[in-house]
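K.L.:
Residue numbers (our numbering), protein chains in the order written: chain A, 1 to 432; chain B, 1001 to 1232.
Every clue listed holds true.
With a cut-off of at most 30 Å between alpha-carbon atoms, the simulated DSSO-like pairs for lysine-lysine come out as follows:
hint : chain 1 : residue 1 : chain 2 : residue 2
1    : B       : Lys1031   : B       : Lys1080
2    : B       : Lys1125   : B       : Lys1154
3    : B       : Lys1154   : B       : Lys1054
4    : B       : Lys1054   : A       : Lys121
5    : B       : Lys1031   : B       : Lys1125
6    : B       : Lys1154   : A       : Lys109
7    : B       : Lys1080   : B       : Lys1125
8    : A       : Lys230    : A       : Lys187
9    : A       : Lys109    : B       : Lys1054
None of these hints come from the bench; they were simulated from the model. All values derive from a computational prediction rather than experimental measurement.
Below are the chains, spelled out letter by letter.
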Amino acid sequence: MNGMTHSAMSAYDEWRRLKWTPSDIVSRKLSKTLSVLVLALTTGLCNLPAGAVESDAAPLVVQDIQCRGNVATACSFIRGHLYLTPGARLDENEVENAKLRLSALSNFKSVDIHLERGTEKGRVILVIEVAEADPLSYALVLGTSLRRNPDTQTVAARVGDHNLWGAGKTLDLLVVGDLELSHLANKEYATRLEYFDPQLFGSNRYFLATGGFYSGATTQSPFGGGAHDKGDGGVDLSFGRRLGSFSYATIGYRYVFNSDPNARFFNSPRRNHYLAFDGNLTTLTDSFSRVVLLTYGRNSEDDAAFPTRGWMVHVYDNWAPVEKQHSAGAEARITFPWGHGSYLTLQTRPFTDFNAPFDDDLGTSITYARSISTGGLFEGLQRGRWYVGPGFTVINHNHVEIGIKAGIRAETRHFGLVNLYVIGSHVAGASD
Amino acid sequence: MGIWAAAMKLPAILLLVLILAPRGARSADLKPFVQEHRVGVTIENLRTPPGLRKDLVSGLTNRILIRLDLLQEGLPPTRKVGEITIRYDLWEETFSMDLRFDAALVSSAVFRRVDEVVSSLDHIKIPATFLPDPAARGARLMLRADVLFNPMDKERMDEIRKWVAQNSAPALSDPTNVRPGLSSPPPASASHALFNKIFEQYAAGASLAAAWQDSGTSTRFNLNELPAEPGQ
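Okay, chain A solo, but in the shape it has when bound (with noise of 0.2 Å):
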């Protein structure tokens, strides 16, 4: 809370954990009543300065809604989230509900509403005041993890235009890259830059996806005899169609050139990995060369990098079907509220072996998260939590990978969504 001292709370809760007697209540009740019969005795004794007068407040009238400020943005869209009307009587809570509800999409970096005088005393303009946001946005993520060797450091970067042609379209452009920490000459990168435009030609159910990607990788054989150099890439396409509020299915097709047929039985280093798109999930993984790509979910959460509450389940499958084979896999997690500002996410992935790009995690865990406080010294943060959690993933169904997790998410003012963290594990059996 703004301005309260520690020191104030602290005094605040060890007076609450005073003891409360009968009598304590019969006389909290004279002393309210006889405060009320105070208080009308004691009219005028807030510091107001003389002459003050009574004020009368009339019923005011919509006489117009108008829109400033907007320049991509159409006004129609910025009126559809006031539900009122010219010529109706003026809601001031209405007005507040529009404001929280303009302030909460991402088009604009500032909502103001004001009222301005109409033709007539008691008619008036309301106007909306706009001031668009830049359509850009960044993410950055800086994650250590020392799981399966060999351990690893990942860099990824995300940067996005959101508003594309001023149309609500999105380019991302996505980059992550691997470096092995025992061996800094084996390195790893994966590029996408993906098309998504979430109003497939203005509906507000059908969706589409399009993106290419190149993935390269320098490896140093333990043998000597030099590096080895690989990289291609590929292209997919998905239609999506939203189901009711919360629920999706996708259906599309990934192309990857120059594939090696044969890298499905390569072991894991020696794969290319791809930032492959399965139509709504965008992962680090394998794939064959020509795959038709079908998922469903529901995803409720309330906030896509700091959910407070809600639930998500992600089921797909790859089907390539010159090889005739399926991947198919399921995500779920729910995330409620765990006291004051803190929360529980509780994840499963019990199928799937890839990663995420952006938020390495083992399949199945339980984190604890908790909102960092954004003033003082955290007052570069526009909202941050830092995570723990323990997990585990089944490992080709007779391995147990045991670890955790910890890191710092944040929303900066200046850095876009950033994300620190350290996952290190142990394999149950394994010899190192």
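Based on these hints, arrange chain B on the given structure of chain A.
P.N.:
Here is chain B on its own, set in the frame of chain A:
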């Protein structure tokens, strides 16, 4: 260990860079007084929202909620709730300001200039409203105030949050948002920060939330030590 150090150095440096220079935060000053055996308080140096002057001339009603607690040794806190409403008359070009305490109108005034309104908010005198328990005479007392600008109750926050949840899904900016990691968040904006600020309080279980609030605590005092104000 050298590799370890290198690996951890970058996140550590970045974290330091993220934490920008802190700004000192002060809180409101509470100056209690006694009047006919009752305790009143003057709230001074209240931190007001940066856009207060603009809000005051918006033509819309500005509401300031004051939650005042008397903390008395050996007793639970006694709470009084007051509300200041300020409204600008677009035609008369005057500001009307009402002060209500426990739903009773305490005072009403009209100002000509916005400076006068701001000045009066810098020195809010709450009438003598608390009657300390006579049995606890001589005990140490303390006053605490929470001041919320244009607060919003939980019911309305529920409605707004539901609207946002339902309306953000069909206009999902990025389908990769399924993952709670760094999945292309929408750009951070000041307006979104306002919403987040209110929503954080809502998520924390607050019955009332406000984009701007201040609070303050008086020093501990004894009734005998307080300046006496003349009675009415």
